[in-house]
Structures are given as structure tokens and as C-alpha cells.
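Numbering that gives the first Met the number 0 puts the first residue of the sequence shown at 0, with every later residue one more than the last.
Hints listed in this document are in silico derivations from the structure and should not be mistaken for laboratory results.
Computed from a predicted structure; not experimentally measured.
Be aware that a few hints might be false.
[To be verified] Simulated pairs of lysine to aspartate or glutamate, EDC-like, Cα-Cα distance not exceeding 20 Å:
#	residue 1	residue 2
1	K44	E56
2	K45	E56
3	K44	E55
4	K45	E55
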Amino acid sequence: MLFQTVPGIDEFVDVNSVTGWDVAAAIAIVAVAVGVSALVRRYTKKSLTSIKGLPEEAAATIARAAGYTALLVGVFLALPYLGIDTQPVMILLLVVGLLLFFGGRPLMENFSAGIILQARAPFGVGRSEKHTSELQSH
0 MLFQTVPGID EFVDVNSVTG WDVAAAIAIV AVAVGVSALV RRYTKKSLTS IKGLPEEAAA
60 TIARAAGYTA LLVGVFLALP YLGIDTQPVM ILLLVVGLLL FFGGRPLMEN FSAGIILQAR
120 APFGVGRSEK HTSELQSH
């Protein structure tokens, strides 16, 4: 009964079953998610900055992504309290995630190899390397 004054909202929300307590619960869940997101961001950045050779910008980006992920999970947990069906959105996110995983796998392999090379720093400025192995064709 809470959302019946908004035109067109009944296509997305079951307006007959949402009460004020449901809205309060959704707001509380999102508030907790904001707090958890801040904690996840802080502790992820703290633990990643202890890794030798990992640039601080990379640690900050990873921590930010982890915080946004925690916030997104909280929002998705709050949506059913508002009568919104989250199943189609979850299926869409799953499909997009699978496409990114399988499509971006070679990119992530090269990115990971670059991070490992930066962390180990096997090559220095002014240092020359000789390659002695020969290529053989079969």
C-alpha cells in the first residue's frame, strides 16, 4: 500500500504487500551494507599494501572493487523487502559474469603475469640479458 501513489510502479513492485516495516528493513540492510563495504575496503587495502611489489594504485583499485561488491550484495539483499523480484537481475548478472570470465581470461592471464614480473623485478635498468636457447621446429 505504500507505493500505490507512484504511477507505473506496480509493474516492478508488488505494491499490495509492501509495508512501512519492509521499507525500514530494506533501509537497515542497505545501511549495514554501507558499513560492511567500508570495512571490506579498509581491510582489503590494508592487507594488499603488505604485499611487496604490488603498486599502491592497484591495491586501492582492488579494495574499491571489493567494497562496491559488498555494497551491491547488500542492495540485492534489500530489494526483495521492497517487493522487487531480483531473480531476472541475478540471472543477467550471472550471464554477464560468465561472459566476462571466459572472454577476459586471456587478458587476466597476461595481466597477472605482468603483476608477477613487476613484483619480482627480474630485470633492472641497464642490465642486459642473453638468450642462449635455440628454437627447434618439429
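Right, here's what the structure says about each hint:
1. K44 to E56: holds (10 Å)
2. K45 to E56: holds (13 Å)
3. K44 to E55: holds (9 Å)
4. K45 to E55: With a Cα-Cα distance of about 10 Å, the restraint between K45 and E55 holds, given a limit of 20 Å.
Figure legend: structure checked against the earlier numbered hints; every hint is met.
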